[in-house]
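Asks: Sequence:
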Amino acid sequence: MKSYQYYLKRIGEYGNVSEVHFPIATVIGLPHVKPEELVIFEDGKLGEVFSLDKDESQVLLFSKDPVRTGIQVTRTDTAISIPVGKKLLGKIINPLGSSFFDGSQIDGLYESVQLDNPVKTIAERKRIKRSFLTGISIVDLLLPLGKGQRELVIGDRKIGKSAFLLTMIKNQIAQGSIIVYAAIGKKKSDIKKLQEFFTKEKLLTSTVFVASDPFDSPSLIFVTPYTAMSIAEYFRDLGTDVVVIFDDLSTHAKFYREVALLGGRFPGRDSYPGDIFYIHARLLERAGNFSHKSKGEVSITSIPVVETVEGDLTGFIATNIMGMTDGHIFFDSDVYYRGRRPAINVSLSVTRVGRQTQTPLKLEINHEITAFLTLYEKMQTFSHFGAELSDKVKTILNTGQKLQAFFNQHYTLIVPEEVQIILLALIWLHALNDLEDDMVALLRNKLADVYKDENKRKMFKEMTDSANFQDLLLKVSKSKEELLQLIQK
Numbered sequence: 001m002k003s004y005q006y007y008l009k010r011i012g013e014y015g016n017v018s019e020v021h022f023p024i025a026t027v028i029g030l031p032h033v034k035p036e037e038l039v040i041f042e043d044g045k046l047g048e049v050f051s052l053d054k055d056e057s058q059v060l061l062f063s064k065d066p067v068r069t070g071i072q073v074t075r076t077d078t079a080i081s082i083p084v085g086k087k088l089l090g091k092i093i094n095p096l097g098s099s100f101f102d103g104s105q106i107d108g109l110y111e112s113v114q115l116d117n118p119v120k121t122i123a124e125r126k127r128i129k130r131s132f133l134t135g136i137s138i139v140d141l142l143l144p145l146g147k148g149q150r151e152l153v154i155g156d157r158k159i160g161k162s163a164f165l166l167t168m169i170k171n172q173i174a175q176g177s178i179i180v181y182a183a184i185g186k187k188k189s190d191i192k193k194l195q196e197f198f199t200k201e202k203l204l205t206s207t208v209f210v211a212s213d214p215f216d217s218p219s220l221i222f223v224t225p226y227t228a229m230s231i232a233e234y235f236r237d238l239g240t241d242v243v244v245i246f247d248d249l250s251t252h253a254k255f256y257r258e259v260a261l262l263g264g265r266f267p268g269r270d271s272y273p274g275d276i277f278y279i280h281a282r283l284l285e286r287a288g289n290f291s292h293k294s295k296g297e298v299s300i301t302s303i304p305v306v307e308t309v310e311g312d313l314t315g316f317i318a319t320n321i322m323g324m325t326d327g328h329i330f331f332d333s334d335v336y337y338r339g340r341r342p343a344i345n346v347s348l349s350v351t352r353v354g355r356q357t358q359t360p361l362k363l364e365i366n367h368e369i370t371a372f373l374t375l376y377e378k379m380q381t382f383s384h385f386g387a388e389l390s391d392k393v394k395t396i397l398n399t400g401q402k403l404q405a406f407f408n409q410h411y412t413l414i415v416p417e418e419v420q421i422i423l424l425a426l427i428w429l430h431a432l433n434d435l436e437d438d439m440v441a442l443l444r445n446k447l448a449d450v451y452k453d454e455n456k457r458k459m460f461k462e463m464t465d466s467a468n469f470q471d472l473l474l475k476v477s478k479s480k481e482e483l484l485q486l487i488q489k
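Our numbering numbers the first residue of the sequence shown as 1 and each following residue consecutively.
For the record, the hints were derived by calculation from the structure and aren't laboratory data.
Given the structure is predicted, the values throughout are model-derived calculations rather than measurements.
Where a beta carbon is used, it is the ideal one built from N, C-alpha and C, also for glycine.
Incorrect hints may appear among the rest.
[Unchecked claim] Capping the alpha-carbon separation at 20 Å, the derived lysine to aspartate or glutamate pairs in EDC-like fashion look like this:
| hint | residue 1 | residue 2 |
| --- | --- | --- |
| 1 | K458 | D471 |
| 2 | K188 | D65 |
| 3 | K480 | D437 |
| 4 | K461 | E418 |
| 5 | K452 | E418 |
[To be verified] So the derived label-pair ranges between C-beta atoms look like this:
| hint | residue 1 | residue 2 | range |
| --- | --- | --- | --- |
| 6 | E481 | K392 | 18 to 28 Å |
| 7 | D270 | N445 | 36 to 46 Å |
| 8 | I11 | G239 | 35 to 45 Å |
| 9 | R125 | D438 | 42 to 52 Å |
| 10 | K193 | H384 | 36 to 46 Å |
| 11 | E201 | L238 | 17 to 27 Å |
| 12 | P35 | F372 | 48 to 58 Å |
| 13 | N455 | G239 | 29 to 39 Å |
| 14 | G239 | E481 | 39 to 49 Å |
| 15 | T412 | I11 | 51 to 61 Å |
Working from the sequences, and respecting the hints, build out all of it.
Replies: What follows is the structure in structure tokens.
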């Protein structure tokens, strides 16, 4: 970034700060300034034009400290941009592209991108056809996602949303995706813990962190997700599938509300400004599945996170983002306290485009299991009858318990797609009826280990390469003894 004197000499225009309500400074002068233009103050601080009036403009300050009244400010005739390059991988940066912890510049970045790039047109987009696998059985089988989908992760705090994201990230990096993680207004200690986890799991070299902490300027926190999306677009244009995580947009909305109220914007519902829907919609619409000259198609899969209070899905920000995404995964505190991990309420979760990426086999499995779990929930009301239950009800309850044990999954475990399908088939064939419920999870873990062997992997793929569910059950039934021997070794 050039100096104040450089831009003053080049542009020949300056104004003066007449009033400061941090993080907003009111500037008189600058007759040709434009909305969202980057401006630079006499003391070197940066700002962005937030709104324009007849004789003055409001400028968002990115520094932690306010500017003094009377100080001069000049235009730069550019929008905010950040340096980008492959050297960003493994780095934790602030929303302006500098190192998060010490503010130093990142070496080896020779290109730059604007934070508010034009959205790709419909002609440049492609139908979502490729599966986005999380490695979590309950999601991959019952709430499937597609590459390029925008899927909201929503729920109360401390019930497993972050653990779910970490498992998903681990699996996506294993499949060659790049992760851009926007930590919006997070404590430095939390960001440090994330860095340690990614380093320990050898994931850092495929990840870019864009972070801001609660003590940063609200303006800087506000632009955090836009920086993350611009970096995701840079890697997309290189021909790589990207996953961008916004953790979390409810915090982002609160900081934008603060900025808007200080700027004199008229408050609406819950005191949020009238353009809060647009603020998030213009961010999320930049995700999708796109045409690419050499790769054919590349995607940006967007995973926004929203925190609820006492499981309330009707909150303003929650319903806004539900309306602009392709579905949501709801983490329910009631499910969490029943001991299920991940604590996903399947009946209150939605995926709108994920099913179109599935094979006929997985689509049939999805319908069968979803219908069965609905029946199982109804049958649980009869479970207190005990010995008086019919054999049919007992079978339904037993199979349902095995399925719930199968879906219980620790966040460090990734279950391959073929293992998910085969173990599900074994449960459906009642091959595991004589086992205790907690043994099902143990057998799943062993089967995931066995899958690492090349020959066994080939065998599993042949089994799951079935035309329909009945064909799969027939193949698994023939190999049932062999499979049980594999997992009992």
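Asks: So, for every hint listed, does it hold in this structure?
Replies: Hints versus structure:
Between K458 and D471 the alpha-carbon distance is near 18 Å, which keeps this suggested pair within the 20 Å criterion. For the hint linking K188 to D65, the alpha-carbon distance of about 19 Å falls within 20 Å, and the restraint holds. For the hint linking K480 to D437, the alpha-carbon distance of about 19 Å falls within 20 Å, and the restraint holds. The straight-line distance between the Cα atoms of K461 and E418 is roughly 6 Å, inside the 20 Å bound, and the hint therefore holds.
With a C-alpha separation of about 12 Å, the suggested pair K452 and E418 falls inside the 20 Å cut-off, and the hint holds. Checked against the hint of 18 to 28 Å, the C-beta distance between E481 and K392 comes to roughly 27 Å, which is consistent with it. Taken as a hint, the range 36 to 46 Å holds for the pair D270 and N445, whose Cβ atoms sit roughly 45 Å apart. Separated by about 38 Å at the C-beta atoms, I11 and G239 satisfy the suggested range of 35 to 45 Å.
For R125 and D438, the Cβ-Cβ distance of about 46 Å falls inside the hinted range of 42 to 52 Å, so the restraint holds. Hint check: K193 to H384, Cβ distance near 44 Å, so the stated range 36 to 46 Å holds. At roughly 24 Å, the beta carbons of E201 and L238 sit within the given window of 17 to 27 Å. In this structure the hint that P35 and F372 lie 48 to 58 Å apart at CB holds, the actual value being about 55 Å.
The beta-carbon spacing between N455 and G239, approximately 33 Å, falls within the hinted interval of 29 to 39 Å. Here the CB-CB span from G239 to E481 is close to 46 Å, well matched to the stated 39 to 49 Å. For T412 and I11, the Cβ-Cβ distance of about 55 Å falls inside the hinted range of 51 to 61 Å, so the restraint holds.
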